[in-house]
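**Q** Residue strings, one per chain:
Number of protein chains: 2
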Amino acid sequence: MKYFVTGGAGFIGSHIVDKLISLKKKVIVYDNFSTGKMIFIKHHLKNPNFKLVKADIRDKKLLNESMRLADFVFHLSAHADVPSGFNDHDIDHRENLEMTQNVLEAMYKNKVRKIAFASTSSVYGDATVHPTPENHPFRPTSLYGATKAACESYISSYGSYYDMTSYIFRFVSFIGERYTHGIIFDVLAKLKKNNKRLELLSDGTPKKSSIYIKDGVEAIFTVISKAKKRFNVYNIGHEKVLTVSEIVDIILKSAKYHNVKKIWLGRESNWKGDNKFVQLSISKLKKLGWKPETTVEYGINRTVGYLLSNQII
Amino acid sequence: MKYFVTGGAGFIGSHIVDKLISLKKKVIVYDNFSTGKMIFIKHHLKNPNFKLVKADIRDKKLLNESMRLADFVFHLSAHADVPSGFNDHDIDHRENLEMTQNVLEAMYKNKVRKIAFASTSSVYGDATVHPTPENHPFRPTSLYGATKAACESYISSYGSYYDMTSYIFRFVSFIGERYTHGIIFDVLAKLKKNNKRLELLSDGTPKKSSIYIKDGVEAIFTVISKAKKRFNVYNIGHEKVLTVSEIVDIILKSAKYHNVKKIWLGRESNWKGDNKFVQLSISKLKKLGWKPETTVEYGINRTVGYLLSNQII
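Protein chains in written order, with this note's numbering: chain X, 1019 to 1331; chain G, 1019 to 1331.
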């Protein structure tokens, strides 16, 4: 099996590449390094099973050629800056949906029959059921969530037209080594500027879900090896959810910031389109034999340690 | 209230316009007449409450200007040739999703806060539950279904960003006066060429659902006047479903074709991506007090009568 990984130099993508290489698989990473980093994959550069294509998914010709002889596509490249869709109504459409169209077309042309896709808890929007099961309807409150939901539907129809097998993963926030953006990043960046006073957008009550990267990657490989349908949809998350207030306290403790005055600006959610309670059901995933091996606190600690010890913040 | 109707010169659109005009509402029809017909709306041309804009939704500037002072958008314009997406992977994306983006942007710019959208039973794909309820997951098997599902998600996110109220209608096939395409059209067209021998793609067993246009329009107005959520999703269909074989027999009888030899080509479905069993639950709609007033047979008879008496076929 030859694996083609879009966004393979990114946070989640590079961990998937590590796993594939450890399993002795042949891997092609296709990444434009807009957010991906060479440091995340450079340990594989001399491995004969590893090939890097520095290129953009917009380049359909090169995408088609690069995917030749691949058997399985991990499509992880995406525009993951969720709040920005409120001010730029086209960016998620271009970067998520149209890039996924390009990937599906290249799969069709190269007769690649398997795809794993990074979707999101945001497809559910403000879910009416918690923990939210996979069969909850789509009610996205952001264009990020809307375009990811759209990608799922496009994958479903290509799968039906061309007998592809699909693995759709609806992720909560992944955290851990190589984490590049999100609340832990934002809080540490603010504290670096001012370690006495920390302004936070919400009122602290939104409940958020995250999963440690190594647990998340194990979940992905569990599903791919065990799920048997043509169109497989799995939430990936952790049963334990924390309030933003609790998350901030763990970050402060982990980073050894004391005597920080927290200013809660009091909005119900962090930004327009944010969901104030994210908790995905992982019952379906647990039936395949997976469960998270680490606590959310452990994941936050690892993330803080990574960001500080690598002087990223 | 001023209503803006995209595709208002089309089959379903023009019936909605008739209803709005009968209710003394102000109506702007925005239609490029690619499939719409002047004959469907010409009886309103002299009505001071009626305005026609012959234009394309691609023309964003004119769309924005034309929507000025509108309060409510019926977005009915679409690429409704479902099978064609198998051979042209971009047409549904361009004609359904990108045109809906243009409509949503114009609404945002003009601060229009209400939208009714023509979605489809195709969003469910090969549903696992029959009759299929609105909370069934999306598993589209065609790019038509995928792009309509995508439109729903985009509408959901714009609604969340800008406090819009949305009415999403998942239609089965509408039939009746001004019907322009579909199985009744295809069967009559084939019989006109050869009234002895009728070739049919499927094996006759697929079960299809249709609703008479006047019942469908009543359902739409029932929902708009009674549904109270910000994001309202309703199936519109008929409890009675018929096999393709039964539908063909009703058409033959209605059009008075006797001694026609039917050749069933024996495919499980009519074309790649077709769903062989479509039956939507209308329980949610019936709770609002609506039910179909006519039988499916009546609708087919009316459609055959319309097509033949107007010499459309």
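Keep in mind that the hints were calculated from the coordinates and are not lab data. Hints may contain errors.
Put simply, identical chains are the same to the list, so a pair is met inside one copy or across any two.
Claimed, not checked - In silico lysine to any residue, SDA-like type, Cα no more than 20 angstroms apart, as pairs:
id	residue 1	residue 2
1	K1020	D1108
2	K1078	I1109
3	K1302	T1146
4	K1225	P1149
5	K1129	T1261
6	K1078	R1112
7	K1271	S1301
8	K1294	F1249
9	K1280	L1206
10	K1302	N1153
11	K1072	S1040
12	K1210	L1325
13	K1127	A1073
14	K1078	A1245
No experiment lies behind these values; they were computed from the predicted model shown.
**Q** Which of the listed hints are broken here?
**A** 1, 5, 7, 11 and 14
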